[in-house]
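S.K.: The listed protein sequences correspond, in order, to chains G and W. Mapping of the first sequence onto the working numbering: residues 1 to 180, in sequence order. Mapping of the second sequence onto the working numbering: residues 1 to 451, in sequence order.
Just to be clear, a hint being listed does not mean it is correct.
[Unchecked claim] Some chain G residues well away from chain W (every beta-carbon gap over 10 angstroms; in silico):
1) ASP13
2) MET59
3) CYS64
4) PRO65
5) PHE80
6) LEU84
7) GLU108
8) ALA114
9) GLU117
10) HIS139
11) LYS144
12) CYS164
13) ALA169
14) ARG173
[Said to hold, decoys possible] The following residues of chain G were derived to be distant from chain W, with all beta-carbon distances above 12 angstroms:
15) ARG23
16) GLY29
17) ARG48
18) ILE54
19) ASP67
20) PHE119
21) ASP157
22) ASP161
[What the hints assert, rightly or not] Heads up, incomplete: computed chain G residues facing chain W, CB under 7 angstroms, no partners named:
23) ILE81
24) PRO82
25) LEU112
26) VAL118
These are computed hints drawn from the structure, not numbers from a lab. A virtual CB, placed ideally from N, CA and C, is assigned to each residue, including glycine.
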Amino acid sequence: MKYLYVGATEEVDRDAVAAVSQRVETEFGLPVRGMEIGSVDFAYDAGRGQYGSIPVLEMLLARCPADAAKLLAVTDRDLFIPVLTFVFGQAQLGGRVGVVSLARLRQEFYGLAANREVFLKRAYKEALHETGHLFGLVHCAERKCAMSLATTVRQIDLKDDAFCAPCAARLRRHPGGPNV
Amino acid sequence: MKSHWQILVVDDEEIMCESLAAWLREDGYAVDTASSGREAVEKSRLKDFAIYFVDLKMPGGMDGIETMMQIRKLRPEASIIIITAYATVDTAITAMKEGAQEYIVKPCNPEEISLLVNRIIKVKNLQRENTILRKKLTRQYSVHDVISKNPRMREIMDLASDVASLRSTVLIQGESGTGKELVARALHNAGDRAAKPFVAVSCAALAETLLESELFGHEKGSFTGANQQKHGKFEMADGGTIFLDEIGDISPKLQVDLLRVLQDRAFYRVGGTQEVRVDVRVVAATHVNLQQAVAEGRFRDDLFYRLNVIEIRIPPLRERREDIPLLATHFVERLAHELARNVNELSEGALRRLLDYNWPGNVRELENAVERAIVTCRGRILTEEDFGFLAQATATPAWSIPSGATIQDMEKALITVTIQRTQGNIKEAASVLGIDRSTLYEKIKRYEIPR
């Protein structure tokens, strides 16, 4: 039996992780297990004041449990890849590990009043998006689909927290794939 | 469709290279990386990338600007984006002057890169569509459009280029679907008649009398229904080329008429009394063995020699299997675009199946098979199953040696079949059989094999 692991880094908002786990379990129809990831301080880049998502993925790969179909970590740290100012998350395309950052999903990050509902919706969408990559999906041209590329929270808000029909069909055809 | 477009990321820092490549792959692009300018130039020689992301500062004596200049020499249509961590106005100006499409400073905003790539791809898609449509509209095939790495095909295309500007008649022989018309059009377009009309006539499609009036035209009242004068294809092709397809199927009377046109470059319209003179280059094609038809008295020998001034013999697809992957990939790319389907690859299994198949319908059949597979396939990759409809036909018929056969019987059968396959070309048959031409002649005589 293979599980979809949802990992929590030490600082992350636990309620948010629990909500994301539940949403992912429902959407993918795979049993979800929780996992403690600990600190990602080793990935800190003092020059940028952010955390490198590549070293995080490398660490996750080293720690990925044998019975894990996929491992998606959730962190509150702001992630980046060297060429970009930030990423909302990153996953190995068709691989085993991925990570989602909640840092830029909160209204407070943009100087606005906190809104838990908006924040959680964004977290669901990004978790579905990165998990979709883990199951081999690439970006979708359908703006409403969870697999459409979002580079701003506005674009995330425009998406649905679900896959469009063609992406869902591709997921079903993925070997060992989920029951979307 | 994104997947057709390939991107090359060039940066000496592996992490920069890999992280941008991974990010672009998530967007559905096929991305390759190079860790130096030299490697990038090498890769661009082998593959046509649509977009290059090139880091400005790279060690090893070849910086981003130099790399870009070399790539632009090889691939003038490529879009090159220079990336740098140390932006100065000077370097930006130099980069743009040398032809960079964009200049970006890293780390850059993901939205910026995403918009930039989308914008470039949009333009590339339009350019590509434009080229395809234009080609379709004018059917301007050139000798370079013939896709083949088979030496015999290369020889044919070289010969076509050499004789393109002559007025000599060309006879193209080849099985159905081998691309005889394509070669004829290439021949026309490569010569100095390219600006003049190319008129194609299928001689097999029409009854004798209709074909006669189709080729030579008719005068008003020459037969029932001829209520006005009509110009024939020969007149329409004046100054250009007439392509007579399936010439082996024409009637004895038309053979005589055609012979006269080839000899005198003049003819009479049906029911006409006035001679019409034309300057037309004749390119004829046939899928039947004309030599054999001559030997059997079905085709006039004098017409055959008039037509066969320059002979082009296109080998069937099964005799140039090395072209199957090339052609199949080309068809996938073109047809996926035309059918607006997001299919961009052939699996190894699919290729194996295509290579195993015998292709009696040649390139045309391959094109149709790829189209059918694209229409019915459900993923982005065409698999063996998508070509399942070829399975039945792939099974080679059981072949057995008749009981009581002698070595002489088998030798005779082998030589007969080989000569049929080379369509009577003895030199080629001898080379296939691995014997001297003189030995082959001797055996043909001994076994009384018809040629």
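S.K.: With reference to the structure, classify each hint as holding or not holding.
M.R.: Cross-check of the supplied hints:
Against chain W, the non-interface label of G:ASP13 holds: every CB pair exceeds 10 angstroms, the least being about 23 angstroms. The Cβ of G:MET59 sits about 15 angstroms from the closest Cβ of chain W, beyond the 10 angstroms cut-off, so the non-interface label holds. A cut-off of 10 angstroms between C-beta atoms confirms that G:CYS64 is not in contact with chain W; the least separation is 18 angstroms. Every beta carbon of chain W lies more than 10 angstroms from that of G:PRO65, the smallest distance being close to 23 angstroms; the non-interface claim holds.
Here G:PHE80 does not stay apart from chain W, with its beta-carbon only about 7 angstroms from theirs, under the 10 angstroms limit. Under the 10 angstroms C-beta cut-off, the non-interface status given to G:LEU84 relative to chain W is violated; the minimum distance is some 5 angstroms. Distance check for G:GLU108 against chain W: the nearest CB is about 21 angstroms away, which clears 10 angstroms, and the non-interface claim stands. Every CB of chain W is more than 10 angstroms from the CB of G:ALA114 (nearest about 24 angstroms), matching its label as outside the interface.
Non-interface call for G:GLU117 relative to chain W: holds, since the shortest CB-CB distance, roughly 25 angstroms, exceeds 10 angstroms. Against chain W, the non-interface label of G:HIS139 is violated: not every CB pair exceeds 10 angstroms, the least being about 5 angstroms. No Cβ of chain W comes within 10 angstroms of the Cβ of G:LYS144; the nearest lies about 17 angstroms off, and the non-interface call holds. With a closest Cβ-Cβ approach of about 14 angstroms to chain W, G:CYS164 is found to remain outside the 10 angstroms limit, as its non-interface label requires.
With a cut of 10 angstroms on Cβ distances, G:ALA169 falls inside the contact zone with chain W, its closest approach being about 8 angstroms. With a cut of 10 angstroms on Cβ distances, G:ARG173 falls inside the contact zone with chain W, its closest approach being about 7 angstroms. The beta carbon of G:ARG23 is kept farther than 12 angstroms from every beta carbon of chain W, the shortest such distance being approximately 21 angstroms. Distance to chain W confirms G:GLY29 as a non-interface residue, since its nearest Cβ pair spans about 21 angstroms, more than 12 angstroms.
Here G:ARG48 does not stay apart from chain W, with its beta-carbon only about 8 angstroms from theirs, under the 12 angstroms limit. Against the 12 angstroms criterion, G:ILE54 falls within the reach of chain W, whose nearest CB is about 6 angstroms from its own CB. The beta carbon of G:ASP67 sits about 26 angstroms from the closest Cβ of chain W, which is more than 12 angstroms, so the claim that it is off the interface holds. Distance to chain W confirms G:PHE119 as a non-interface residue, since its nearest Cβ pair spans about 20 angstroms, more than 12 angstroms.
The beta carbon of G:ASP157 sits about 15 angstroms from the closest Cβ of chain W, which is more than 12 angstroms, so the claim that it is off the interface holds. No Cβ of chain W approaches the Cβ of G:ASP161 within 12 angstroms, the least distance being about 19 angstroms, so the stated non-interface status holds. Interface restraint check for G:ILE81: the shortest CB-CB distance to chain W comes to about 4 angstroms, inside 7 angstroms, so the restraint holds. A cut of 7 angstroms between beta carbons decides the hint on G:PRO82: the least distance to chain W is about 5 angstroms, and the hint holds.
Given the 7 angstroms rule on beta carbons, the hint for G:LEU112 is violated: about 19 angstroms separates it from the nearest Cβ of chain W. Look at G:VAL118: its Cβ only gets to about 20 angstroms from chain W, farther than 7 angstroms, so that hint breaks.
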